[in-house]
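Engineer: Protein chains in written order, with numbering that gives the first Met the number 0: chain L, 0 to 275; chain W, 0 to 354; chain E, 0 to 437; chain H, 0 to 574.
Read the hints as simulated data drawn from the structure, not as lab findings. Incorrect hints may have been included.
Below 25 Å or equal to it, Euclidean Cα-Cα: the simulated DSS-like pairs (lysine-lysine) are [as the list claims (entries may be wrong)]:
1. E:Lys-336 <-> H:Lys-218
2. W:Lys-192 <-> W:Lys-216
3. H:Lys-122 <-> H:Lys-34
4. E:Lys-96 <-> H:Lys-11
5. H:Lys-220 <-> H:Lys-40
6. E:Lys-99 <-> H:Lys-188
7. H:Lys-70 <-> E:Lys-99
8. E:Lys-387 <-> E:Lys-206
9. E:Lys-332 <-> H:Lys-34
10. E:Lys-206 <-> E:Lys-332
11. H:Lys-72 <-> H:Lys-34
12. E:Lys-99 <-> E:Lys-336
13. E:Lys-96 <-> H:Lys-70
14. E:Lys-434 <-> E:Lys-99
15. H:Lys-40 <-> H:Lys-185
16. E:Lys-96 <-> E:Lys-336
17. E:Lys-336 <-> H:Lys-11
18. E:Lys-206 <-> W:Lys-40
19. E:Lys-99 <-> H:Lys-40
20. E:Lys-362 <-> E:Lys-387
21. L:Lys-169 <-> L:Lys-120
22. E:Lys-99 <-> E:Lys-433
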Amino acid sequence: MTTLLTATKVTKRFGGLVAVNAVDFEIPEKSIVSMIGPNGAGKTTFFNCITGFGKCDEGEIIFEGTPTQRLRPDQISRLGISRTYQNIRLFAEMSALENILVGQHIFLHSSWMSAVIGTPKVHQEERIALAEAQRLLDFVGLKGQGDMMARNLPYGAQRRLEIARALATKPKLLLLDEPSAGMNPRETEDLTAFIRQLRDELGITIFLIEHHMRVVMGISEHITVLDYGEKIAEGTPAEIQKNPRVIEAYLGRGAATEGMATAHERHSDKTNSKLR
Amino acid sequence: MRTSPGERLLDLAVSGVLWGFRILLVAAILIGTIATIRAGKYTSEQWIDFVVFGISQGSIYALIALGYTMVYGILRMINFAHGDIFMTGAFAAYFLATWMNGTGFIDSYPILGLLIPILFAMIVAGGIAMLVERIAYRPLRGAPRLVPLISAIGASFFLEYAFRGFFGPGVYAYPPIKALEGEWDILGIGILKVQVVVAVAAFIMMAILYSIVMFTKVGKAMRAVSESKDTAALMGIDVNRIIVSTFALGAAMAGAAGVLYSLIFRQVGFFMGFTPGIKAFTAAVLGGIGNIPGAMVGGLVLGIFESVGPSLFLEGLGITRPYQLKDAIAYTMLVMILLFRPSGILGERITTKKA
Amino acid sequence: MTKRLLALLSVLVIASMALAACGTPATEAPVATEAPATEAPATEAPAAAYECTDALGCVTIAPDEPVHIAYWGVLSGPDSSLGEDSKRGVEIAIDDKGGKILDHDILLTTEDAGCTPEGGATAATKLATDTSIVGLIGSSCSDETVGGIATLTNAGLTTISPSNTRPVLSDPARGPDYAGYLRTAHSDAFQGKAVAEFAYNVLGARKAATLHDGSSYAQALQQVFADNFIALGGEIVAQEAVAKDATDMKPVLTTIAAAQPEFLYYPVFVAVGGYVTAQVRDVAGLETVALAGSDGIFTADLLKGGGPNTEGMYLSSPDFSAFTGDYAGFIAKHEAKYGGSTLSTFHAHAYDAANILFAALEKVAVVEADGTIYVPRQALRDAIYATKDFQGITGTLSCSPSGDCGAPVIAVYQIVNSDPASWNPADTANPNPKKIYP
Amino acid sequence: MKKENFLWSAVKTGLIVGVVAIFICFVGMVEVFSKRDVIEKLITLGQFVLLAAMFSAGFIASRHTSSLLEKNKPVSNLVAGLVAGLFTGLVLALLVVVGAEVNLRAVFLNATTTLYDVLTLDKGVGNVWILPLIGAVAGLLGAASLLLPQILRRPITQALVFVIFMAFFSGLFRVVMINQGSDMSKAAKYLFGQTGLTLEGTLIFFLGVIAVSMLWSYKGKDIQAGVTRLPKAGRLSLRVIVYALIAYVALGLPQVSGPFIAQVIVTVALFVLMGLGLNITLGFAGLLDLGFVAFYAIGAYTVGLLTSYGAFGLQHIPFWVAVPIAVLVAMASGAMLGLPVLGIRGDYLAIATLGFGEIVRLLAGSDFLAPFFGGPQGIIGIQKPCLGTLGPFIRVDVPRVCNGLELGKPQDIYYIAVVSAVIIAFVAWRLRESRLGRAWMAIREDEDVAEALGVNLIQTKLLAYMLGAAFAGLGGAIFATLIGSIFATSMQLIVSINVVSLIIVGGMGSIPGVIVGAIALIGLPELLREVSEFRFLLYGATLIIMMLAKPEGLWPSQATRRELHHTEVEAGVKA
């Protein structure tokens with residue numbers, strides 16, 4: 000298996016605080032890998048480094064042989080990296096369909112002038128894009144809700160729409176930031192199956208941050224554990240579950256799995272309240 | 000997928016132009032300054048005068064800017080009517096002071112003759128601001144960001160032209176305080192008494208405001224509300240009351256500024272708030288909007304740039320009638336500072352979520 | 000969609016009904032502007048024998064209708080005191096007529112022109128549409144006239160401005176668009192020259208500086224002064240400018256001080272004038288410089304804004320000793336009607352302008368037995384141009400073929416008392432300011 | 000919580016409205032309006048305003064009473080209205096009494112004896128009791144109006160509003176009608192007096208509107224249903240007819256209405272152009288630009304410099320050639336502005352652009368650049384557009400002769416302006432529906448996410464600035480030729496503020512909203528030039544009221560609309 004993304008000694012500081020400290024990381028092609036760790040461990044920051052949101056201070060990230068740290072987020076997305084957000088960030092005042100169409104932006108090439116004139120090429124392009132957007136909408140199970148304004152969709156649908164929008168960029172690597180946050184067990188199960196489907200059917204490599212241990216352990220092939228910005232462990236789910244440092248990291252703050260569960264719940268509360 | 004050559008060209012052009020712009024500005028300033036200084040038209044006393052004039056003007060900008068910045072900090076809203084609140088304060092003080100002057104009170108008790116109108120102006124301005132907040136802003140809380148802005152613009156027009164209706168389009172002369180005529184000698188420099196009083200009063204006022212915000216219960220509540228209205232409400236803070244008191248406090252500062260302004264410039268009229276309002280808003284942004292010390296710094300920087308800039312930068316560049324372009328300098332400075340520090344001199348670095 | 004369509008449809012039905020109602024004559028009758036007010040008095044009043052032969056047509060006023068005149072000028076925005084001031088002059092003139100002319104009520108319409116050319120254009124267009132208007136007073140700002148005068152002239156109207164001073168407006172080569180334009184205010188060409196002569200010959204100044212506020216009035220006037228001063232042999236050591244809304248003048252005055260002038264001329268408006276005067280003595284190097292302004296600040300408001308420093312200041316203005324009429328009486332009426340003092344300089348000019356219009360109207364109007372009035376427009380215009388030795392309160396006025404009615408007698412006054420209450424240039428015993436030149 | 004006594008609440012309402020009425024008096028409105036009639040020789044506008052205040056006091060009190068009392072008792076509603084009106088009248092009476100003793104004029108200029116005369120109907124202070132009496136009656140009527148059944152209330156309200164509207168603009172209608180010829184002139188004189196409606200006119204309008212409104216409420220549903228029942232082809236032809244009618248009205252309007260209305264419409268169209276431009280930068284891309292007048296100025300100055308035969312004209316090129324150049328120059332300046340402020344966000348951007356607008360105005364009017372732009376003396380002698388060829392230069396200071404049709408009058412410029420506005424609206428609509436439009440909106444919603452989805456922020460934002468600027472530049476170009484002269488003083492910050500306001504009032508991001516907003520905020524005030532003193536007062540009040548009543552704008556964007564439609568459908572399905 001070839002490596003899709005390699006990160007070497009990635010470091011990010013906020014003032015005196017080292018959020019991510021010299022983390023080495025690899026994502027094999029067509030795999031599902033996860034990153035876990037307590038709240039504030041630097042997982043999302045690491046995500047941001049990969050997608051170019053906040054440039055990392057040191058280290059190197061190479062995606063399919065291209066160093067990405069000097070690229071802007073839009074250029075990185077063109078390389079084939081796409082993501083979702085911890086607290087859903089849809090374009091609230093746009094319809095669901097339009098949200099996905101924005102995701103297709105990089106595949107549309109008509110200039111504004113030809114759009115004004117309305118050349119046949121533009122119409123053609125738009126028609127294809129619309130069909131594709133519709134297909135993605137159906138794919139994530141939002142059939143018939145394309146005209147709904149994103150902010151008016153129910154929570155679960157918003158999550159799925161966000162994934163559909165990320166898929167519209169035809170990514171090779173999809174970064175999911177706590178996709179199961181705020182979901183009930185039933186929805187979580189569906190989600191797990193859906194993520195698998197993405198990898199198996201579309202061949203997309205998945206990198207996920209997740210608090211929900213059942214999801215993580217269930218689908219990940221490889222797990223990295225971050226604590227205080229440092230990588231404290233990595234390996235298969237089975238290895239991680241046994242790793243003493245991981246247990247300590249979580250246990251040290253209270254209870255082992257309960258602790259994780261509470262953290263998770265607290266977190267999903269937060270996301271919920273932010274929604275409206 | 001790789002970036003297209005056209006796109007790379009655009010990137011290059013953008014950063015080229017940006018840097019060109021920065022370099023050009025800095026070069027223009029340097030060349031202008033050097034040329035002016037080498038021409039030696041002004042004595043060092045005159046340079047000091049320029050700075051002193053700038054400080055007194057700047058401290059008034061700062062006082063008005065405080066209101067902008069406080070309201071912005073809490074509501075993320077540009078209170079466009081703030082300049083006109085300043086005007087209402089000046090009018091209130093004018094009528095009181097004229098009456099007091101008629102009775103000879105001001106001449107016999109100059110300090111009280113200064114303080115009472117200021118207090119009165121603060122009360123009137125605060126009251127009007129509360130009224131404006133109640134009618135034009137409160138029902139719009141939670142509306143899209145620009146809706147309160149338009150309402151504020153409407154309030155600004157309304158106040159201006161209501162006062163024009165009340166008091167006519169002419170100007171009124173603020174009564175002079177005899178005790179404040181002449182100069183004081185400070186460190187060997189003769190400085191006008193009025194200017195000293197205005198600058199000192201402005202600083203005292205700002206210090207009081209700063210301590211209110213930092214150390215009192217209300218101030219703490221204000222800061223809490225500015226962090227998050229919801230959380231503050233959960234903590235048992237009456238958010239509405241805090242917002243109203245923020246408006247009132249900011250408006251009181253503007254009212255006081257109105258009196259100080261009238262003391263220096265002596266003219267009170269219905270349109271007097273417009274330009275200082277815009278300038279103070281600029282000052283607030285310059286310092287980093289939402290930040291109280293930032294408003295002070297922004298006001299002073301703006302005042303000094305306006306005063307010194309035309310002579311120092313423009314004359315050396317051979318630009319005729321430089322003072323006509325005083326405001327252009329102020330705004331160019333603003334853009335330049337934002338180019339180097341996109342969130343103002345003392346502003347928070349992270350502006351992502353604020354907009 | 001259907002609902003919206005329907006709403007639209009209903010609006011359109013109403014609109015088309017209205018259009019049909021008033022649209023039919025659009026094909027029959029020629030378009031309004033082409034034949035203004037020739038609206039057949041023959042059909043209207045069959046008894047009347049008068050037939051309008053005027054080149055510009057006539058205004059017909061039925062027995063029960065008022066005589067309609069209009070005032071246009073700046074009535075909103077920061078400059079509104081200028082326009083409001085003139086408007087009051089017109090209103091007092093109407094009051095003095097008892098509100099009646101030729102036994103008809105006088106109806107005054109006002110239009111805001113906002114001190115901008117586009118405001119002037121819009122106001123003029125609106126007024127030109129109203130065929131009942133006989134004559135106009137206005138505009139306030141020269142910019143407004145530039146924007147609107149062609150429209151008014153072409154509509155056959157005549158306007159008398161009380162406060163435009165830009166020289167080009169009454170230039171002999173001003174062009175046919177200005178045929179309907181006269182003014183009782185004086186051209187700045189006279190004024191700048193008078194001040195220059197005063198400064199050079201009387202005060203003996205050789206180094207002068209000027210300051211203007213970016214308005215076209217001030218900029219032009221200080222340039223006239225500078226040209227004349229240089230022509231006399233003097234030196235202009237500094238020509239500076241500030242923005243119209245500037246308040247802190249000390250920096251620019253410091254710049255002027257560096258050039259060490261003996262005479263500082265700032266022919267600006269009241270706001271800037273007040274600020275400059277109040278602050279000028281505080282600037283090192285300008286403690287003793289002679290100060291001079293012009294008619295833009297020839298008002299008690301300058302004393303309010305300028306304070307004690309105004310004492311000793313020179314102001315050029317129309318010569319008030321030539322004010323033959325009862326200016327004090329005018330001021331008393333003003334006080335009674337509006338409370339407080341006048342707002343600007345040109346109320347008296349507006350009063351005179353209105354009276355010139357009335358006089359001309361009384362001269363040319365044809366009054367029928369039943370009270371119907373016909374006002375031939377060209378004749379009215381000619382009558383205004385023919386005004387000679389009119390006894391106004393600003394002096395004895397005669398209109399030139401290029402539209403200058405104001406007596407170009409410019410005097411220089413000196414302020415002797417900085418108390419606004421003492422302002423009375425027309426007083427014979429204790430005038431303030433006092434005329435000192437010529 | 001114990002509910003308030005309804006009488007006490009009515010007293011409060013009466014007092015508050017009374018204070019508002021005093022405000023209206025002191026602003027000077029009552030006195031000035033008392034010189035204008037609503038119905039000739041019967042009721043002046045000033046009296047009407049006061050009556051309306053008392054009436055609404057009664058109305059508000061009555062409505063409040065309904066909410067206070069559990070059981071609906073019409074008598075208490077009427078009593079509340081009476082009390083409220085009475086107290087409003089009492090407050091005003093108090094003003095008269097106090098005013099007779101104390102010289103309020105020392106502070107409030109409009110507290111004149113004329114005002115007191117108006118308030119007491121010229122009957123003197125001794126008869127001041129008449130005020131509360133009138134107040135009580137008006138309040139009672141106000142309360143009674145609430146009790147009317149809906150079927151009557153709506154037509155009466157509509158008729159009243161229409162009559163007031165006609166009375167307010169009577170001068171305008173009268174002049175337009177008189178200019179149509181003698182028949183219309185007679186009709187005009189029958190309907191309109193010198194400053195208001197005649198009694199006959201009032202009755203005709205009042206009854207006419209009531210009739211139409213009643214008809215609509217009885218038959219409206221049938222007509223609506225009739226249209227929906229039409230076959231597709233029928234509806235299509237109906238639509239074609241409607242569009243043809245619109246075109247017919249648009250073409251004929253300036254010829255009928257005369258130059259003033261044409262000029263007002265041109266002004267509105269210019270603001271529509273600017274509004275559409277800013278709608279791209281602000282409405283679509285969310286970039287708050289408070290210096291938008293700069294591009295307008297640049298467009299105007301470019302045309303001025305290129306076509307003027309005055310002192311500063313560079314070339315006497317034809318208008319039609321100058322306009323595209325002006326648009327391109329404005330576009331370039333849009334890029335010039337856009338580049339340095341690319342990284343600035345939110346309100347920082349607002350003030351930076353405001354600065355840009357001010358810099359452009361200051362430079363254009365400055366002495367420093369006066370040799371190029373005329374400084375305060377402006378650029379005059381801008382050539383009018385000519386359909387046909389322009390004659391050769393004869394002298395620099397003489398306009399070239401137009402061999403053909405010269406479009407000099409406002410009615411002619413009208414066509415240029417309206418056609419431009421229609422074309423630009425179409426362009427804006429196409430842009431909105433394109434990939435670029437979606438990218439702009441994505442930036443407006445969340446800049447970071449848009450970038451992460453591959454939207455090139457630099458390119459997209461720059462295009463927003465450039466296209467917005469181009470539209471405004473076109474507006475400026477037409478402005479220059481309409482007025483024939485340009486001065487820097489025309490390019491004030493207030494223009495930018497107006498443009499921002501009209502976009503929000505119309506509905507942000509909505510193209511028809513821009514047009515509606517421009518009509519409401521630019522067209523109406525232009526028509527109100529007669530009441531110039533209160534123009535901006537009313538304008539300010541309107542802005543506040545509109546934001547309170549319809550914060551989403553008068554004609555919200557399609558997304559909102561579609562959303563509403565969607566919920567409607569859902570509701571339909573459920574039902």
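Engineer: A separate judgement is required for each hint: does it hold in the structure or not?
Structural biologist: To see whether the hints hold, each was checked on the structure:
Using a Cα cut-off of 25 Å, the hinted pair Lys-336 of chain E and Lys-218 of chain H is violated, with the two alpha carbons roughly 56 Å apart. For the proposed pair Lys-192 of chain W and Lys-216 of chain W, the alpha carbon gap of about 36 Å is over 25 Å, so the pair is violated. Using a Cα cut-off of 25 Å, the hinted pair Lys-122 of chain H and Lys-34 of chain H holds, with the two alpha carbons roughly 17 Å apart. About 47 Å separates the Cα atoms of Lys-96 of chain E and Lys-11 of chain H, which puts this hinted pair outside 25 Å; it is violated.
Straight-line distance between C-alpha atoms of Lys-220 of chain H and Lys-40 of chain H comes to about 41 Å, which puts the hinted pair past the 25 Å bound. Proposed proximity of Lys-99 of chain E and Lys-188 of chain H is supported: the alpha carbons are some 22 Å apart, at most 25 Å. For the hint linking Lys-70 of chain H to Lys-99 of chain E, the alpha-carbon distance of about 60 Å lies beyond 25 Å, and the restraint is violated. With a C-alpha separation of about 41 Å, the suggested pair Lys-387 of chain E and Lys-206 of chain E falls outside the 25 Å cut-off, and the hint is violated.
The hinted pair formed by Lys-332 of chain E and Lys-34 of chain H meets the criterion: a straight-line CA distance of about 20 Å does not exceed 25 Å. Distance restraint check for Lys-206 of chain E and Lys-332 of chain E: the Cα-Cα separation of roughly 44 Å exceeds the 25 Å cut-off, and the hinted pair is therefore not satisfied. A distance of roughly 41 Å separates the Cα atoms of Lys-72 of chain H and Lys-34 of chain H; the hinted pair therefore is violated under the 25 Å criterion. With a C-alpha separation of about 18 Å, the suggested pairing of Lys-99 of chain E with Lys-336 of chain E holds against the 25 Å cut-off.
In summary, the hint linking Lys-96 of chain E to Lys-70 of chain H is not supported, as the alpha carbons are separated by about 63 Å, beyond the 25 Å threshold. Simply put, Lys-434 of chain E and Lys-99 of chain E have alpha-carbon atoms about 37 Å apart, too far for the 25 Å limit, and the pair is violated. Of the supplied pair hints, the one linking Lys-40 of chain H and Lys-185 of chain H holds, its CA atoms being roughly 19 Å apart against a limit of 25 Å. Distance check on the hinted pair: Lys-96 of chain E and Lys-336 of chain E sit about 15 Å apart at the alpha-carbon level, within 25 Å; holds.
Of the pairs offered as hints, the one joining Lys-336 of chain E and Lys-11 of chain H is violated, with about 36 Å between alpha carbons and a cut-off of 25 Å exceeded. Between Lys-206 of chain E and Lys-40 of chain W, the direct Cα distance comes to roughly 17 Å. Compliance with the 25 Å bound is thereby established for this hinted pair. Distance check on the hinted pair: Lys-99 of chain E and Lys-40 of chain H sit about 18 Å apart at the alpha-carbon level, within 25 Å; holds. A hinted pair counts as satisfied when its Cα atoms are at most 25 Å apart, and Lys-362 of chain E with Lys-387 of chain E qualifies at roughly 13 Å.
For the hint linking Lys-169 of chain L to Lys-120 of chain L, the alpha-carbon distance of about 22 Å falls within 25 Å, and the restraint holds. Taking the CA atoms of Lys-99 of chain E and Lys-433 of chain E, the gap is about 37 Å. The hint is violated against a cut of 25 Å.
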